[in-house]
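K.L.:
Protein chains in written order, with our numbering: chain A, 1 to 111; chain B, 1001 to 1427.
Simulated from the structure, these hints should not be mistaken for lab results.
No residue lacks a Cβ here, since even glycine has one placed at the ideal position from N, Cα and C.
Incorrect hints may have been included.
[Unchecked claim] List time: in silico DSSO-like cross-link candidates among lysine-lysine, alpha-carbon distance up to 27 Å: (1) B/K1094 to B/K1146; (2) B/K1278 to A/K63; (3) A/K60 to B/K1278; (4) B/K1146 to B/K1027.
[Stated by the list, open to error] Short derived list, chain A residues pointing at chain B, Cβ under 10 Å: (5) S22; (6) V57; (7) K60; (8) K63; (9) A64; (10) V84; (11) L87.
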Amino acid sequence: MSEAGGEVAVVAPRGRIDTNTSGELERTLFGHLGAGETRMLVDLSGVEYISSAGLRVLLKAEKAVHQKGGRLVLCSLGQPVREVFDLSGLSSVFAIEDTRERARERFAEGK
Amino acid sequence: MDTPRGGDAAEYARLVRHLDSLLEVSKAMASAIDLDSLLGVIQSEATQVMDAERGTIFIHDEGTGTLWNRVSGGLAPGLVRVAVGTGIAGHVAKDGRVLNVPDAYGDSRFNPEVDRQTSFRTRSILCAPIFGHGRRLLGVIQVLNKAGGGVFTRDDEVLMEAFASHAALALDRARLVEAFVEKQRIEEGLRLARDIQRAMLPRRFPAQREFELMAEVRPARSVGGDFYDFFVDRDRLWFLVGDVSGKGMAAALFMAVAKTLFHAGVQGESSPSAVFAKVNRELCRDNDDAMFVTVFAGCLDLRTGEVVAGNAGHHPPYRLGREGAVTKVAGPSGVPLGVRDGDEYMGGTLRLEPGEGLYLYTDGITEALNERGEQFSDSRLEAYLRGASGATAAEVVRGSLAAVQDFVGGSPPFDDITVMSLRYLGG
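One chain only, chain A, in its complex shape (with noise of 0.2 Å):
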């Protein structure tokens, strides 16, 4: 689910993040911020559905990071998935860009 990316964690869930998934991701997201890893980016490009528990995990560990002083990046968020941001409002709450590269640029740029 996760490959060591530098500096930067890189956490890439694959199928549907929902009720019953969404406990896995969150254990991975805050394993990583456990082991004092605070810049993550999480790739989207595999996942077709996330419902609001999966929302829920990302903006839980949205909020830790940055109390921490990191940063969470998502990225290649497929169609049906950038609705659900979208729809939600949350693509306002989260930093997105289209690519890993992009992404990796906005840690750069962050320090």
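Use these hints to put chain B onto chain A, whose structure you have.
P.N.:
Chain B only, in chain A's frame:
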């Protein structure tokens, strides 16, 4: 067990005594559920029938890789804790076979520490592993000091294995019972969550000449945090539909709080977006779990048909026009409540002509899946609504729920489905 040789009365009596003892254990297994008392019976029967001075059942603690004595038997419970691999009991746990030690102090694996602590002198030891289902190590059982300074026999070894398998059954069963109780506890939690949800939703729909209103929540197996609310304040009707992130007890409680805050926040306000700002501030407080709620709310002026609407990240409702026109209500939408402290919300207005209505819903209806994994979707919902032109609010609620039920067929609903239908009849 060795077959008693013909005429050997003493041998026969011994066998009967062994069987009686195992029978006692079996009887205890059939009547007692409590693990400690069962282990106590097994421990004391083993000690007695093998003419031992002391008997102990050690439980394997998988987390720490240690063995500890759970029930009293000359030793206070929890007094002894040894690592798997050390001492005689630890060796048996690791090796997985019965070990018969005639002279403890002559065996380098023996750890005399417990003897020192308890002023006891161990001479002979018989120790057997306890394996549960799938050959999982559950513990070990041991007896010390055969009476009369003797050593434990081959018969004792076989008997010891029989006691060990009874202990295994008792331990396996206790684990199953614990898992069952845990499951019951979770189900009880879900039932409570469902009760909270149900109790929070108004069931008495107003019968007034200016409008018709009907709403229903169809709860899923795992309770979500869907809700609706409405109340008439002089010549205004407030109405809303909301959906809390996540499911279960936490979602139900968050829903109850959000609904209460909204109701209280309406005082002195005439636009939902002003109420949202107040509710949002409260919900953002100490919200480390990042729970949030999407809400669409409206305030209908009963004299004019004007609706002031507010949207906090919710699906926009449909406007049910005359002659079957069905359109999504456009308007600004903000972030769900509970997400960003200090947010202000923009509102929108629309005017309903007599006979026109609004249809509010949660995504449980459009995302309902049929057996082929297809969603009910906006287009099927719109098709139903177009066909329901001229229907009463109650008919639209019932009809749309029936349409989605027909579509999903036998698939259990995954998410709560909430719908509300409002029809303005004129001032």
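K.L.:
Please go over all the hints and tell whether each is borne out by the structure.
P.N.:
Here's how the hints hold up against the structure:
The hinted pair formed by B/K1094 and B/K1146 meets the criterion: a straight-line CA distance of about 24 Å does not exceed 27 Å. Proximity of B/K1278 to A/K63 is assessed by CA-CA distance (about 21 Å); at most 27 Å being required, the pair is judged to hold. Distance hint between A/K60 and B/K1278 is fulfilled; the C-alpha atoms sit about 22 Å from each other, no more than 27 Å. Restraint check: the Cα-Cα separation between B/K1146 and B/K1027 comes to about 26 Å, which is no more than 27 Å; the hinted pair holds.
The beta carbon of A/S22 is positioned within 10 Å of a beta carbon in chain B (closest approach about 8 Å), and the interface hint is therefore held. With its C-beta approaching chain B no nearer than about 8 Å, A/V57 sits inside the 10 Å limit, and its interface hint holds. Contact between A/K60 and chain B, as hinted, is supported at the beta carbon level, the nearest pair being about 4 Å apart and thus within 10 Å. Contact between A/K63 and chain B, as hinted, is supported at the beta carbon level, the nearest pair being about 6 Å apart and thus within 10 Å.
With a least beta-carbon distance of about 8 Å to chain B, the hint placing A/A64 at the interface is held under the 10 Å criterion. Using the Cβ-Cβ criterion of 10 Å, the hint placing A/V84 at the interface with chain B is satisfied: the shortest such distance is roughly 9 Å. Among the interface hints, the one on A/L87 holds; its C-beta lies about 7 Å from the nearest C-beta in chain B, closer than the 10 Å criterion.
In summary, this structure violates none of the numbered hints.
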